[in-house]
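Residue strings, one per chain:
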Amino acid sequence: MAGEGDKERSGWTRWLVVAIPYAWLLIFFLVPFVIVVKISVSTPLIGQPPYTPTFDITGGIAGLFASARQLVVDNYIFLTKDALYWKSYLSSLWIAVTSTFLVLLFSYPIAYGMARAPRAWQPSLLMLIILPFWTSFLIRVYAWIGILKKEGFLNQLLMWLHIIHEPLTILNTNWAVYIGIVYSYMPFMILPLYAALERLDGTLLEAASDLGCPPTRSFWQITFPLSLPGVIAGSFLVFIPVTGEFVIPDLLGGHTTLMIGKTLWDEFFSNRDWPLASAVAVVLLILLVVPIVIFQNQEQKRLERES
Amino acid sequence: MRTFSRFNVASVTLGLAFLYAPILLLVIYSFNESKLVTVWGGWSTRWYGALLQDEAMLDAAWTTLRLALISASVATVLGTMAAVALVRFGRFKGRSLFSGMIYAPLVMPDVITGLSLLLLFVALGVARGFWTIVLAHITFSMCYVAIVIQSRLSTFDRSLEEAAQDLGCRPFKTFLVITLPIILPAVVAGWMLGFTLSLDDLVIASFTTGPGATTLPMKIYSQVRLGVTPEVNAVCTILIALVATGVVIASIVSRRRELERQRAERLAAAMP
Amino acid sequence: MAKTAVGPVRRKFAPWNDPAAKPFIEFRNVSKRFGDFVAVDDISLAIYEREFFALLGPSGCGKTTMMRMVAGFEEPTSGDVMLDGHNLAGVPPYRRPSNMMFQSYALFPHMSVEENVAFGLKQEGMPKDQIAVRVAEMLKMVKLEQFAQRRPHQLSGGQRQRVALARSLAKKPKVLLLDEPLGALDKKLREETQFELTDLQVDLGLTFVIVTHDQEEAMTLADRIAVMNHGKIIQVGTPAEIYEQPNSKYVADFIGNINLIEGTVVSTAGGAATLDCGAAGTRVVVDQDLAAAPGSAAWFAVRPEKIGVSLSPPADGFANTVAGKVWDIGYLGDISIYHVRLASGATLKATVTNATRLVERPITWEDNVWLTWSRDGGVVLTG
Numbered sequence: 001m002a003g004e005g006d007k008e009r010s011g012w013t014r015w016l017v018v019a020i021p022y023a024w025l026l027i028f029f030l031v032p033f034v035i036v037v038k039i040s041v042s043t044p045l046i047g048q049p050p051y052t053p054t055f056d057i058t059g060g061i062a063g064l065f066a067s068a069r070q071l072v073v074d075n076y077i078f079l080t081k082d083a084l085y086w087k088s089y090l091s092s093l094w095i096a097v098t099s100t101f102l103v104l105l106f107s108y109p110i111a112y113g114m115a116r117a118p119r120a121w122q123p124s125l126l127m128l129i130i131l132p133f134w135t136s137f138l139i140r141v142y143a144w145i146g147i148l149k150k151e152g153f154l155n156q157l158l159m160w161l162h163i164i165h166e167p168l169t170i171l172n173t174n175w176a177v178y179i180g181i182v183y184s185y186m187p188f189m190i191l192p193l194y195a196a197l198e199r200l201d202g203t204l205l206e207a208a209s210d211l212g213c214p215p216t217r218s219f220w221q222i223t224f225p226l227s228l229p230g231v232i233a234g235s236f237l238v239f240i241p242v243t244g245e246f247v248i249p250d251l252l253g254g255h256t257t258l259m260i261g262k263t264l265w266d267e268f269f270s271n272r273d274w275p276l277a278s279a280v281a282v283v284l285l286i287l288l289v290v291p292i293v294i295f296q297n298q299e300q301k302r303l304e305r306e307s
Numbered sequence: 001m002r003t004f005s006r007f008n009v010a011s012v013t014l015g016l017a018f019l020y021a022p023i024l025l026l027v028i029y030s031f032n033e034s035k036l037v038t039v040w041g042g043w044s045t046r047w048y049g050a051l052l053q054d055e056a057m058l059d060a061a062w063t064t065l066r067l068a069l070i071s072a073s074v075a076t077v078l079g080t081m082a083a084v085a086l087v088r089f090g091r092f093k094g095r096s097l098f099s100g101m102i103y104a105p106l107v108m109p110d111v112i113t114g115l116s117l118l119l120l121f122v123a124l125g126v127a128r129g130f131w132t133i134v135l136a137h138i139t140f141s142m143c144y145v146a147i148v149i150q151s152r153l154s155t156f157d158r159s160l161e162e163a164a165q166d167l168g169c170r171p172f173k174t175f176l177v178i179t180l181p182i183i184l185p186a187v188v189a190g191w192m193l194g195f196t197l198s199l200d201d202l203v204i205a206s207f208t209t210g211p212g213a214t215t216l217p218m219k220i221y222s223q224v225r226l227g228v229t230p231e232v233n234a235v236c237t238i239l240i241a242l243v244a245t246g247v248v249i250a251s252i253v254s255r256r257r258e259l260e261r262q263r264a265e266r267l268a269a270a271m272p
Numbered sequence: 001m002a003k004t005a006v007g008p009v010r011r012k013f014a015p016w017n018d019p020a021a022k023p024f025i026e027f028r029n030v031s032k033r034f035g036d037f038v039a040v041d042d043i044s045l046a047i048y049e050r051e052f053f054a055l056l057g058p059s060g061c062g063k064t065t066m067m068r069m070v071a072g073f074e075e076p077t078s079g080d081v082m083l084d085g086h087n088l089a090g091v092p093p094y095r096r097p098s099n100m101m102f103q104s105y106a107l108f109p110h111m112s113v114e115e116n117v118a119f120g121l122k123q124e125g126m127p128k129d130q131i132a133v134r135v136a137e138m139l140k141m142v143k144l145e146q147f148a149q150r151r152p153h154q155l156s157g158g159q160r161q162r163v164a165l166a167r168s169l170a171k172k173p174k175v176l177l178l179d180e181p182l183g184a185l186d187k188k189l190r191e192e193t194q195f196e197l198t199d200l201q202v203d204l205g206l207t208f209v210i211v212t213h214d215q216e217e218a219m220t221l222a223d224r225i226a227v228m229n230h231g232k233i234i235q236v237g238t239p240a241e242i243y244e245q246p247n248s249k250y251v252a253d254f255i256g257n258i259n260l261i262e263g264t265v266v267s268t269a270g271g272a273a274t275l276d277c278g279a280a281g282t283r284v285v286v287d288q289d290l291a292a293a294p295g296s297a298a299w300f301a302v303r304p305e306k307i308g309v310s311l312s313p314p315a316d317g318f319a320n321t322v323a324g325k326v327w328d329i330g331y332l333g334d335i336s337i338y339h340v341r342l343a344s345g346a347t348l349k350a351t352v353t354n355a356t357r358l359v360e361r362p363i364t365w366e367d368n369v370w371l372t373w374s375r376d377g378g379v380v381l382t383g
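Chains as they are written, first to last, in my numbering: chain A, 1 to 307; chain B, 1 to 272; chain C, 1 to 383.
Calculated directly from the structure, the hints in this document are not laboratory data.
Backbone N, C-alpha and C fix where the C-beta goes; we use that ideal spot for every residue, glycine too.
Worth double-checking, as some hints may not be accurate.
[What the hints assert, rightly or not] These stretches of chain B come out as covered by chain C in the derived footprint (C-beta under 8 Å, 3 or more residues):
| no. | region |
| --- | --- |
| 1 | 178-186 |
| 2 | 232-240 |
| 3 | 263-269 |
Generate coordinates for the entire structure from the input sequences, incorporating the hints supplied.
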């Protein structure tokens, strides 16, 4: 009802307000993806730019078609043949799923505790949780190098406590990657969880208790299901970016850590094979399209519900 | 039944400890006398001194600061426009695509965004450098800003805008004079978010940069790969300190305003 | 201006009865659709200058939509909305000579009381010194002079309402539209504000249109009321007309309490309608010119306070009487409501004023009583 009465008589201001960001995103977000697809079906070349064909307007329509005929799907075929790639995709998905679960496992008690804390403390607690989120991602991952390496703090602490006698090799293994991901992405899970849990009506639990339901059962039957929107939002916020994560596997992982983000980087910067890197990106994008669309729908629905 | 049980206290404390321990270690070891990052050699501020001499690092810091300021500001304007379009303009044609383009960058892996933007610049023949990074940062920051402001706008009391129009104020002026001042905290939060994201970005900057434009994250990353000195710790500590101060101040300011407001309302309610 | 009591005519003011009077606000066959939902269904209504008019109805009846069409926040899907002879179609809200007082007051939180009241005047381009004079005048009118520098959150509910009123009157609009003006106030404040509002309206000589779901609000404030339901106007009339001469069961039931007795028309001769009410087990004779065929169904509507309760049967020959047993008594201090169950099983409500300070009332539960009403105590309704 409100939308109708909001008709701007000066239509051009309204048009501009939509058109400018729309155009920006089309040019700088959508068009690049089209280009990535195009490059992914090109052939690598030594030179600038390091791929062929390049679409030249001076050649006219005929020129365009001639260039188009040079497009190849070799890169995609290569991806299916070479084990490195499809193993990287699977490994990335597996690591993403596991990390999402681990992040949820660690974040839930924290978010739950925060929601249960005395009202007066909650803004401060929230600030404390958000603070690491605002500090640099790179810095926080770097901090873990110092902790996890052979001469690092963790080994020093464990040896000092006489729990181990030989330093553990944690850095440059998958374990380090998991630790790094859980650490870096925890705020992304805590915040939506806290928001959902904080909104929970305490009288529901009182009613359950009054009807004979013990606390553990009321948690699983009432609290957890009602916090599900937060769980889902947080899971998407972790799973999707982690799949393509680069910094953590690069700094904390080892040779055996196969993550597609790192593979893409290496393909691009070390091998200078742009078409192949593009193909890797396209396949990754296809893998993530469905989760991204679901995420977007969920968020829109949530926003409409809350307004 | 808001019991803050021992388990709750333990989870929150352990959680906070886990979050802050690495940061604290990093900060402490930036004052390490020894060159070896993990071997304690005594207290020293030599690495901070070394920082001030490190031209390359200072250069990178300055570049990053300019980058963040410019991209955050432009992103805030674009993001606000996008939010207004999403919340106020109903189901206009092409809205789903628009909405998709706003939400997707929030979760899109950096490597994909970075690669695609680089390929765009190459295809357009644009010389890569400081300004291409700016364009890239504006693009993803504006989406975050849009989300923050969209959330605030959707709970905004429309009757205030209607009242203004009823009193003779045209729609655009109403937005500037009534809506914007009231949602200002959200706009500022959006700007700060854009600023931090830009400050922090490594992957996208690496893809879209050109000769002469090195950002601080890129510098830190290359240092880390080459071999670490506690100078990196010093840079990190300064960044952390800056961000922490900013967040704490913002937090305190907003708490104060909220408390003052509550007090005023309580006083007013007691009046006839 | 003397505070007149609520009666059949509030003051000697009835332009709607004058055939030469021209309507000030006019709805001409106005409809408003939101998709499939019809909010306003082909309504034609005339409101006269200096009237205090109320649109009354339950939520969803279309009253708010009608008001918003006058204010300019909605455009009619079909039909015309006229103000002072001008068609308002296509005119945006910021160019209409009407002002609105919002239900939530909609005070600008980041501006002081003074700035809020001055806002509309600034939009007009009025010079600063004139604005200051007008704002002072308005604040004096609502008795908030010393609160000029305060912000809305520093004011109580009643004070905020007065600021909203001052702000909406500052531009001296031709029409003031009020959305549930007394809704947010507590009972005592409401009563005080009621009289202030009506006095203000008469003093300023403006046309007020209010929208409300509260019948008490409408009855006490308005010169005329339009009772609405499902996008249509069921009846328009003065509070007394609506109350004593409802035109339908809906209106009879919506305002106040009513007893509805179903029956069949026996005769409509001689300016009197006779009904055979089997459900009540009685014959009803009403002094009313009824246009209905004998044998058709009709309802007799009589208000509880028009029914007399007695332990002894009436003198013979008195029509409009029925016997029953007291089933329940609602004691409200000033009145008692007797729920009397008739032989047929139907229940009638009769209200008796507790005129004497007796703790033990003469009529109590399970008593056999006779209920009587006069020939002009109620009306016959055919729909």
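Taking the hints in turn, this is what the structure says about them:
no., hint, result
1, 178-186, "holds (count 3)"
2, 232-240, "violated (count 0)"
3, 263-269, "holds (count 5)"
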